[in-house]
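**Student:** With these hints in hand, go ahead and build the complete structure from the sequences.
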Amino acid sequence: MSLGVRDILNRHKLMPGTSACPGCPENIAMRIISTALGENAVIIVVAGCSSVIQGMGPNSAYNYPVLNVAFAAGPAAASGIAAAMRTRGKNVKAVVWAGDGGTADIGMASLSGAAERNEDILYICVDNEAYMNTGGQRSGSTPIGASTTTTPMGKRHNKKNIPFIMMAHRVPYVATASVGYPHDLMEKIRKAKEIRGFSCVQVLCPDPYGWMFEPSKTAEVAKLAVQTCYWPLFECENGILKISDECLHCLDKRTRKPIQEFLKIQGRFKHADQQKIRELEEYVNEMWEKLKLMYKGNLKL
Amino acid sequence: MMEKVISGNDAVALAVKLSRVKVTGIYPITPQTYIIESLSEMKDRGELETEIIRVESEHSAMAATFGAAAAGVRAYTATASQGLLYMHEMVWWVAGSRIPVVMTVGTRAVGPPWNIWNEHTDFMSERDSGWIMAFASTPQEAMDLTITAFRITEDERVFLPMMIGMDGFILSHTKTRVYVPSQEEVDSYLPPRRQPYVLDPEDSIAMGNMFSPEDYMKLRESIHRAQIASKEVIVEAGKEYMKRVVPIGSYSTLNESYKLEDADYAVVIMGAWSLDAMQAVDELRKEGLKVGVYRVRFVRPWAEEEVVKALSDKSVLVLDRSVSFGRGGQLYTEVKASLPDTDIKGVITGLGGVSIGKNEMKVIIRKFVEKPQGIEWFYPEEARKIELRSPRYIK
Numbered sequence: 001m002s003l004g005v006r007d008i009l010n011r012h013k014l015m016p017g018t019s020a021c022p023g024c025p026e027n028i029a030m031r032i033i034s035t036a037l038g039e040n041a042v043i044i045v046v047a048g049c050s051s052v053i054q055g056m057g058p059n060s061a062y063n064y065p066v067l068n069v070a071f072a073a074g075p076a077a078a079s080g081i082a083a084a085m086r087t088r089g090k091n092v093k094a095v096v097w098a099g100d101g102g103t104a105d106i107g108m109a110s111l112s113g114a115a116e117r118n119e120d121i122l123y124i125c126v127d128n129e130a131y132m133n134t135g136g137q138r139s140g141s142t143p144i145g146a147s148t149t150t151t152p153m154g155k156r157h158n159k160k161n162i163p164f165i166m167m168a169h170r171v172p173y174v175a176t177a178s179v180g181y182p183h184d185l186m187e188k189i190r191k192a193k194e195i196r197g198f199s200c201v202q203v204l205c206p207d208p209y210g211w212m213f214e215p216s217k218t219a220e221v222a223k224l225a226v227q228t229c230y231w232p233l234f235e236c237e238n239g240i241l242k243i244s245d246e247c248l249h250c251l252d253k254r255t256r257k258p259i260q261e262f263l264k265i266q267g268r269f270k271h272a273d274q275q276k277i278r279e280l281e282e283y284v285n286e287m288w289e290k291l292k293l294m295y296k297g298n299l300k301l
Numbered sequence: 302m303m304e305k306v307i308s309g310n311d312a313v314a315l316a317v318k319l320s321r322v323k324v325t326g327i328y329p330i331t332p333q334t335y336i337i338e339s340l341s342e343m344k345d346r347g348e349l350e351t352e353i354i355r356v357e358s359e360h361s362a363m364a365a366t367f368g369a370a371a372a373g374v375r376a377y378t379a380t381a382s383q384g385l386l387y388m389h390e391m392v393w394w395v396a397g398s399r400i401p402v403v404m405t406v407g408t409r410a411v412g413p414p415w416n417i418w419n420e421h422t423d424f425m426s427e428r429d430s431g432w433i434m435a436f437a438s439t440p441q442e443a444m445d446l447t448i449t450a451f452r453i454t455e456d457e458r459v460f461l462p463m464m465i466g467m468d469g470f471i472l473s474h475t476k477t478r479v480y481v482p483s484q485e486e487v488d489s490y491l492p493p494r495r496q497p498y499v500l501d502p503e504d505s506i507a508m509g510n511m512f513s514p515e516d517y518m519k520l521r522e523s524i525h526r527a528q529i530a531s532k533e534v535i536v537e538a539g540k541e542y543m544k545r546v547v548p549i550g551s552y553s554t555l556n557e558s559y560k561l562e563d564a565d566y567a568v569v570i571m572g573a574w575s576l577d578a579m580q581a582v583d584e585l586r587k588e589g590l591k592v593g594v595y596r597v598r599f600v601r602p603w604a605e606e607e608v609v610k611a612l613s614d615k616s617v618l619v620l621d622r623s624v625s626f627g628r629g630g631q632l633y634t635e636v637k638a639s640l641p642d643t644d645i646k647g648v649i650t651g652l653g654g655v656s657i658g659k660n661e662m663k664v665i666i667r668k669f670v671e672k673p674q675g676i677e678w679f680y681p682e683e684a685r686k687i688e689l690r691s692p693r694y695i696k
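For the record, the sequence lines run as chains S and X. The working numbering puts the first residue of the first sequence at 1, with every later residue one more than the last. The working numbering puts the first residue of the second sequence at 302, with every later residue one more than the last.
These are calculated hints, taken from the structure and not from any lab test. Since this is a predicted model, take the numbers as computed values, not measurements. Glycine included, each C-beta is placed from N, C-alpha and C at the ideal position. Please note that the accuracy of each hint is not assured.
20 Å max Cα-Cα, derived DMTMM-like pairs, lysine to aspartate or glutamate [unchecked claim]:
1) K90/S - E350/X
2) K217/S - E261/S
3) K13/S - E584/X
4) K90/S - D563/X
5) K90/S - E677/X
6) K13/S - E503/X
7) K193/S - D501/X
8) K90/S - E357/X
9) K193/S - D120/S
10) K13/S - D504/X
11) K193/S - E503/X
If the Cβ cut is set under 7 Å, some of the chain X residues that face chain S in the computed set are [to be verified]:
12) E357
13) A364
14) A369
15) W394
16) G397
17) P497
18) L500
19) M508
20) N510
21) G629
Take a look, some chain X residues computed to stay more than 10 Å from chain S by CB distance [unchecked claim]:
22) K323
23) V324
24) R355
25) A362
26) A365
27) S551
28) R693
**Tutor:** Take a look at the structure:
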């Protein structure tokens, strides 16, 4: 008997009764990721939506041992947990669960330190491209042109490219994923968990409230981000870059869906003028030029 | 047990080894750096079972140490000054989590201006954090308190972290005679680690997620109650230490009294310069002044009963090597709160490494006898005037 997606996803470890908003991409991510992660994991949650989504203590909707920590403390706390588990002779993966604010901004030093030390941890960034838990302020991971509550007329600076920064650390495994493509995400988590050393997966998590689209369209927006090549799906294992099948069309500019299709389905780019849109397109193009070189083996970060 | 001539930093590093610490997150900062260097050297020589995580900041040092402790092993770190302030958020996080962790604070002034020398303001700035806070007066005591800290923090009546203050340079870098216990002696003293909450794949607990306001407040109260309850644990641990490990020291009380029985005047003091105060007292007594010393060893929990018993019939001088701007010395404030009806004088001195020895102590005590109230700043010699530049409007 073959298993369908629904059967596989029923093995997830997210329990009912979370405090997530309707259409929450982080709940989708937790469902998919926990399916692939299975047992023998400890989740380290830094400040963010997931601090709230897991529900009120002493109960928890995450059916894992969870350590909630301060905003910038995730990768270091995970390093300590990994060391403790080693000394106890336990085969347990310490998994950091952080948003883009916790990753690109306040937690950057701690993340970089853990990567440089090649800690045996898995770092997951659920990237909704703003500080959504505090009501949608801009982060280092917000794309140019997007309006947030602290950039009402649109952000003037580019999105910090975290996966590239992580690849430059020469860690064993760096991947990107999107909640719109569960199989791809599961496969990457499964692989990342088996890596001995530092691995990280950045998951695009379109947020209906911050991005201003219908809560029923989360998966659709997450797919469009990939189809228009705004969000690349790739993995870099020991320096070898692989573009995921869902994204191979992006290698040729002519086969990409126009980025407008991704931008117009959401409200956060409505103030963005042509100049900003062009800059965003340039950002995406440049990223793909680099990915192409890496894919062909002509460039290593 | 064997005698060695070692510095405070050496003594603490040996205590960490003897206590079989399993994980330490380390980050250098003067004056504690030699502790973590010493641990690293022992590790590379294969003498240390501790896993060392060489992190990129003090915030991460405490986060890594906390993570290891939450995952069920004995964990330790050391810091000072700016480092302690940088990890402040995690210091609170550990106490709130009721996870036993032990830390050394090699006390040092806080900038700006840059100053690496000794004072206690960094240490004192954490006294609301929920940590048990002890302060050593000798390298021997720094070692003793570090070993006892693991027993105290892992006691079920406590389950709180503990920091041990040690005067920068004066104790951290000065070599004195230290009785170093054997591994067997420490093993017989420290029981295996226990803790209420452990990260374990078999046990899907969530630590630190949101609680209702009422539950949150209950947890806060429980920290306060554990602090109060820790007083008897500290005394038990101290007595047991003197019985099983190093049979010297004065650990049957939280704080220490010196020549106070018949004294009219008492000098309240904490840390290495307590010994200067004791010498000053010895000499002043020869001149007929009935003065003694009350050495504060534990800032948290505050030994209210001991303080009242020791000092309520004295005229009290409190020397602070730290300051709470706009209020005065922290020890002064604490003692005053315990003895509201007693005449108390507070003197703030020795900040940023200003050198205060026996002779300066005698000057301070004589002035106090003349005028036993108020708060004063004492400089051992005529200090030049320091003023802000005259302000200008900015174009």
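**Student:** Hint by hint, say whether it matches the structure.
**Tutor:** For each hint, the structure was consulted:
1. K90/S - E350/X: 17 Å, holds
2. K217/S - E261/S: 14 Å, holds
3. K13/S - E584/X: Violated: K13/S and E584/X sit about 72 Å apart, past 20 Å.
4. K90/S - D563/X: 60 Å, violated
5. K90/S - E677/X: 58 Å, violated
6. K13/S - E503/X: 14 Å, holds
7. K193/S - D501/X: Since the Cα atoms of K193/S and D501/X sit roughly 17 Å apart, the hinted pair holds (cutoff 20 Å).
8. K90/S - E357/X: At roughly 26 Å apart (the allowed maximum being 20 Å), E357/X and K90/S break the hint.
9. K193/S - D120/S: With a Cα-Cα distance of about 9 Å, the restraint between K193/S and D120/S holds, given a limit of 20 Å.
10. K13/S - D504/X: Holds: K13/S and D504/X sit about 14 Å apart, inside 20 Å.
11. K193/S - E503/X: Given pair K193/S, E503/X holds - Cα atoms ~18 Å apart, limit 20 Å.
12. E357: Holds, because the Cβ-Cβ distance from E357/X to chain S comes to roughly 3 Å (cut-off 7 Å).
13. A364: Because about 4 Å separates A364/X from the closest Cβ in chain S, which is inside the 7 Å limit, the hint holds.
14. A369: Where the cut-off is 7 Å and the nearest Cβ of chain S is about 4 Å from A369/X, the hint holds.
15. W394: 5 Å, holds
16. G397: With Cβ-Cβ at 10 Å, over 7 Å, it is violated.
17. P497: Violated: closest Cβ of chain S sits about 12 Å from P497/X, beyond 7 Å.
18. L500: Interface hint status for L500/X: holds (5 Å vs cutoff 7 Å).
19. M508: With a closest approach of 5 Å, the M508/X hint holds.
20. N510: 5 Å, holds
21. G629: Since the shortest Cβ distance to chain S is 32 Å, the answer is violated.
22. K323: The claim is violated: K323/X sits with its nearest Cβ about 5 Å from chain S, within 10 Å.
23. V324: 5 Å, violated
24. R355: R355/X is in fact no farther than 10 Å from some Cβ atom of chain S, at 7 Å.
25. A362: The claim is violated: A362/X sits with its nearest Cβ about 8 Å from chain S, within 10 Å.
26. A365: 4 Å, violated
27. S551: 35 Å, holds
28. R693: Label holds. Min Cβ-Cβ 33 Å, cutoff 10 Å.
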